[in-house]
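Student: Each chain, written out:
Protein chains: 2
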Amino acid sequence: MHKHTSINRQILLASRPTGKPTSDNFKLVESPVPTPGEGQVLLETQFLSLDPYMRGRMSDAPSYAAPVKIGEVMVGGTVSKVTLSKNSKFKTGDLVLSYAGWQDYALSDGKDLTPLGAIAHPSLALGVLGMPGFTAYMGLLDIGEPKAGETVVVGAATGAVGSVVGQIGKIKGCRVVGIAGSAEKCRFAVEELGFDSCLSHHDEKLADALREACPKGIDVYFENVGGKVFDAVLPLLNAKARIPVCGLIAQYNRTSLPPGPDRMGLLMGTILSKRLRMQGFIISQDYGHRFQEFQQPMQQWLREGKIKFREDIVEGLEKAPQAFMGLLEGENFGKLVVKF
Amino acid sequence: MHKHTSINRQILLASRPTGKPTSDNFKLVESPVPTPGEGQVLLETQFLSLDPYMRGRMSDAPSYAAPVKIGEVMVGGTVSKVTLSKNSKFKTGDLVLSYAGWQDYALSDGKDLTPLGAIAHPSLALGVLGMPGFTAYMGLLDIGEPKAGETVVVGAATGAVGSVVGQIGKIKGCRVVGIAGSAEKCRFAVEELGFDSCLSHHDEKLADALREACPKGIDVYFENVGGKVFDAVLPLLNAKARIPVCGLIAQYNRTSLPPGPDRMGLLMGTILSKRLRMQGFIISQDYGHRFQEFQQPMQQWLREGKIKFREDIVEGLEKAPQAFMGLLEGENFGKLVVKF
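So the protein lines, in turn, are chains A and B. Residue numbers for the first sequence follow the working numbering, so the first one is 1 and each next one is one higher. Residue numbers for the second sequence follow the working numbering, so the first one is 1 and each next one is one higher.
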């Protein structure tokens with residue numbers, strides 16, 4: 001099945017981006033495939049997940065996670081296959097969830113690996129059954145606390161996280177309004193994912209359109225976008241609305257604060273007058289210990305067809321930088337995964 | 001004991017302020033003392049509470065509470081005495097907590113009255129044992145969730161709410177840093193109230209001073225001020241910090257948004273990267289049903305001398321407008337109460 005080579009292709013962080021990442025920030029190098037020592041396994045990457053958080057790791061601004069160092073392999077979750085094992089817990093051919101990064105091969109002592117067993121569709125472990133699905137599940141249910149009849153709004157509606165947020169919102173009996181980057185994505189959100197409505201963030205009258213789509217206001221806004229989507233949401237929030245803050249992709253490439261007026265006090269005043277609850281979270285740090293709690297219902301929803309998913313598969317490690325840069329511009333359609 | 005007159009002095013809202021309220025926004029009128037009907041009582045005001053939230057009621061901007069209409073009596077909590085009763089539940093001489101507003105006399109059907117019994121110090125029902133103390137208690141404990149060893153920061157440190165927040169923080173084993181408007185107030189916060197440190201918000205190097213006073217960062221920021229105090233707090237917040245948003249007195253008199261840059265996205269980014277929880281609350285709406293839960297511990301802390309209080313008593317209804325305008329400028333020192 002797999003072609004065994006002696007070359008390990010790796011994509012390194014070559015330099016830190018200012019604003020949008022460019023191909024100059026990445027460097028493809030070749031090195032020998034490493035040899036596992038006692039207790040280790042050699043992993044061969046099958047799928048690499050590309051996710052917006054990686055933009056943060058390319059910067060050295062203070063963050064919850066250490067930045068990738070210049071010259072290091074870019075970080076990333078992978079589905080990998082054990083190709084050599086000197087660890088009694090793993091045998092050749094085992095599929096595992098790993099954090100091997102942007103490279104063909106990696107070593108592991110096994111402690112950071114999750115066996116995937118006989119999984120029909122392994123790349124889902126990077127999407128709806130993995131970190132993005134878990135992020136949607138905990139952010140919406142644990143922080144957003146949606147109640148039947150309430151209105152849930154989510155951006156990046158066809159993305160790995162947003163698509164799951166909206167579908168869980170529907171399962172919980174909410175009105176779900178998505179915001180996405182094209183008419184085609186919006187059609188998918190409504191027709192395939194079951195959203196009640198979906199608006200394009202390119203619509204110049206987004207604020208008006210959102211007001212029409214949310215006649216009873218907004219009770220939960222799952223924040224994974226920021227920028228003008230949040231601007232449109234803010235005046236529509238109901239008293240006691242909840243805002244899980246999961247990501248701000250619209251501002252990751254900013255190099256300076258936008259011009260005024262300064263609306264920080266306006267946001268504070270709205271939090272006060274509407275008694276809002278805003279809460280930031282990092283799925284691995286805040287909910288890592290609750291992963292099993294998510295697996296059972298999500299697998300059941302998948303079996304029952306209540307949760308659908310769409311993947312955007314890019315073939316070949318060498319395409320990862322371009323695909324990642326496109327992700328930050330919203331060019332992907334569905335969960336972005338690199339197939340090796 | 002009390003001099004019975006036939007005149008009811010009332011202070012009405014004469015016009016809505018633009019920016020800082022002025023004496024032109026208030027009007028003192030005299031009307032006949034009303035006569036209670038069947039089931040009603042006539043109340044004579046003993047003490048009137050002056051509180052920052054009243055600035056909001058003078059505006060007709062959208063809010064959780066209806067604005068005072070032009071020509072209506074200004075709203076406010078009072079300690080009042082029943083002087084005539086046609087309600088079997090009250091007798092002449094009873095002291096009650098009421099919401100009679102800025103006037104000498106008012107009628108009530110009794111439903112909005114809380115009997116105060118034989119209370120040694122009736123004005124405390126407007127302060128440490130009343131709405132401000134309750135606000136501090138619930139905001140700090142229910143939203144802020146301080147743990148022993150954590151650092152709590154609160155503004156308006158000698159005010160009705162801030163002074164209680166800080167003292168409860170000390171009872172819970174926290175390091176408590178206050179911010180107040182003068183060296184005298186800061187001395188009081190440290191020497192009398194037991195704060196670990198207190199800084200003046202007039203200090204041009206407030207951000208540096210706060211950093212020094214919080215060597216382990218800030219875990220709970222009880223927000224009752226906004227403006228430059230929040231600016232100094234924001235970079236010092238620890239991961240998973242909690243921010244009960246109770247008031248924003250520094251911006252109540254704003255007539256427009258401040259100049260840029262626009263820091264709203266910066267605040268969102270900080271909420272995300274530090275996984276902050278910010279939650280606005282309105283004590284009456286969110287916690288009205290839990291008032292009894294607060295009374296027992298607070299009365300005990302007062303008896304034990306663990307909670308101290310300071311009142312700023314102004315004599316005479318006619319002085320209320322000036323005292324209220326001073327409150328918005330931080331001129332009071334302790335809980336501001338008008339004595340009749």
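Any given hint could turn out to be false.
Where chains are identical, the list cannot tell them apart; a pair therefore holds if satisfied intra-copy or between any two copies.
Simulated crosslink set (DSBU-like; lysine-lysine; CA at most 35 Å straight-line) [stated by the list, open to error]:
(1) K91 x K147
(2) K69 x K216
(3) K308 x K111
(4) K240 x K111
Note that these hints are calculated values from the structure, not bench results.
Student: Give a verdict on every hint.
Tutor: Here's how the hints hold up against the structure:
{"no.": "1", "hint": "K91 x K147", "verdict": "neither (46 Å within a copy, 47 Å between copies)"}
{"no.": "2", "hint": "K69 x K216", "verdict": "between (48 Å within a copy, 27 Å between copies)"}
{"no.": "3", "hint": "K308 x K111", "verdict": "within (31 Å within a copy, 54 Å between copies)"}
{"no.": "4", "hint": "K240 x K111", "verdict": "between (42 Å within a copy, 27 Å between copies)"}
Hint 1 from the list above is the single one not met by this structure.
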